[in-house]
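Produce the complete structure using the sequences and hints provided.
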Amino acid sequence: MQRRNFILKTTAALAFGSLAITGCTTTGNKPDSAATNASKRQSIDASVDGTISRLYSTVAGSRELVSKSRGILVFPSVIQAGFIVGGQYGEGSLRVGGGTVGYYSTVSGSFGLQAGAQSKAIIFLFMTQDALDKFRNSDGWSAGGDASVALVKMGANGAIDTTTATAPVEVFILTNAGLMGDVSIAGTKVSRLKI
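Residue numbers (the working numbering): 17 to 211.
The set of hints was computed from the structure by calculation and includes no laboratory data.
Among the hints, erroneous ones may be present.
Said to hold, decoys possible - Taking lysine-lysine pairs in the DSS-like style, the calculated list, with each CA pair at most 27 Å apart, reads:
(1) Lys56 - Lys169
(2) Lys56 - Lys136
(3) Lys169 - Lys136
(4) Lys169 - Lys205
(5) Lys210 - Lys150
(6) Lys205 - Lys136
(7) Lys56 - Lys210
(8) Lys169 - Lys150
(9) Lys205 - Lys84
(10) Lys169 - Lys84
(11) Lys56 - Lys150
(12) Lys150 - Lys205
(13) Lys84 - Lys136
(14) Lys150 - Lys136
(15) Lys84 - Lys150
(16) Lys210 - Lys136
Dropping the structure here:
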C-alpha cells in the first residue's frame with residue numbers, strides 16, 4: 017500500500033513538475049525580429065532538404081511515393097525525451113509542388129515506462145488533395161484524429177510497395193538506424209509556426 021502511494025505521488029509530482037517547467041519560459045513577450053525569423057526559416061528548409069535526401073538514399077521506393085503525393089510535411093529532428101512522463105517536439109515545413117508553403121511544429125506527450133532521449137525525422141505525405149486541403153485549412157491538426165494516417169510499410173524486398181500505400185496520409189519515421197516500422201503517431205499534434 018505504501019509503495020503504491022509512493023508511486024502515485026512520485027508520478028503526480030513528475031507530471032506537475034513537467035507542466036511547471038513547460039510553463040516557465042526565458043523568452044519575453046516581444047516577437048522575434050524579421051531577421052531572426054528569416055534565419056529560422058532558412059535553417060528549417062536546409063534541414064528539410066537534408067532529410068528528404070536521406071529518405072531517398074536510404075528507403076527504396078520513397079522517391080516514387082513522394083512524387084505521387086500532393087504535399088510533404090517534413091520534421092527533420094523531432095526530439096523525444098522522458099522519464100515516466102515524456103514528450104516530443106520538432107519543427108519543419110510543408111512543401112507543395114517542390115516549394116515551401118508553411119512552417120509547422122509538432123508535439124505529443126506520453127505516459128508510461130520510458131527513460132532517455134532520441135531524435136527522429138517524421139515525414140507526412142498527403143496523398144489526396146482533400147487531405148492536404150483539410151490540413152492547410154485547419155487551426156491545429158492531429159494525426160489519426162483529423163485524417164486517416166498510415167505508417168509506410170516495407171515490402172519483403174526491402175522497398176516500399178507503393179501500391180499498398182492507399183491512406184489519405186502516409187508517414188515515414190526515420191532514425192539513424194533507418195526506417196521505423198512499429199510505432200504509433202496517433203495523437204501527434206501539428207500547429208502552424210508564425211515565423
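Hints, verified against the model:
no. : hint            : verdict
1   : Lys56 - Lys169  : violated, 33 Å
2   : Lys56 - Lys136  : holds, 19 Å
3   : Lys169 - Lys136 : holds, 17 Å
4   : Lys169 - Lys205 : holds, 22 Å
5   : Lys210 - Lys150 : holds, 19 Å
6   : Lys205 - Lys136 : holds, 16 Å
7   : Lys56 - Lys210  : holds, 11 Å
8   : Lys169 - Lys150 : holds, 24 Å
9   : Lys205 - Lys84  : holds, 24 Å
10  : Lys169 - Lys84  : holds, 16 Å
11  : Lys56 - Lys150  : holds, 26 Å
12  : Lys150 - Lys205 : holds, 14 Å
13  : Lys84 - Lys136  : holds, 24 Å
14  : Lys150 - Lys136 : holds, 25 Å
15  : Lys84 - Lys150  : holds, 18 Å
16  : Lys210 - Lys136 : holds, 23 Å
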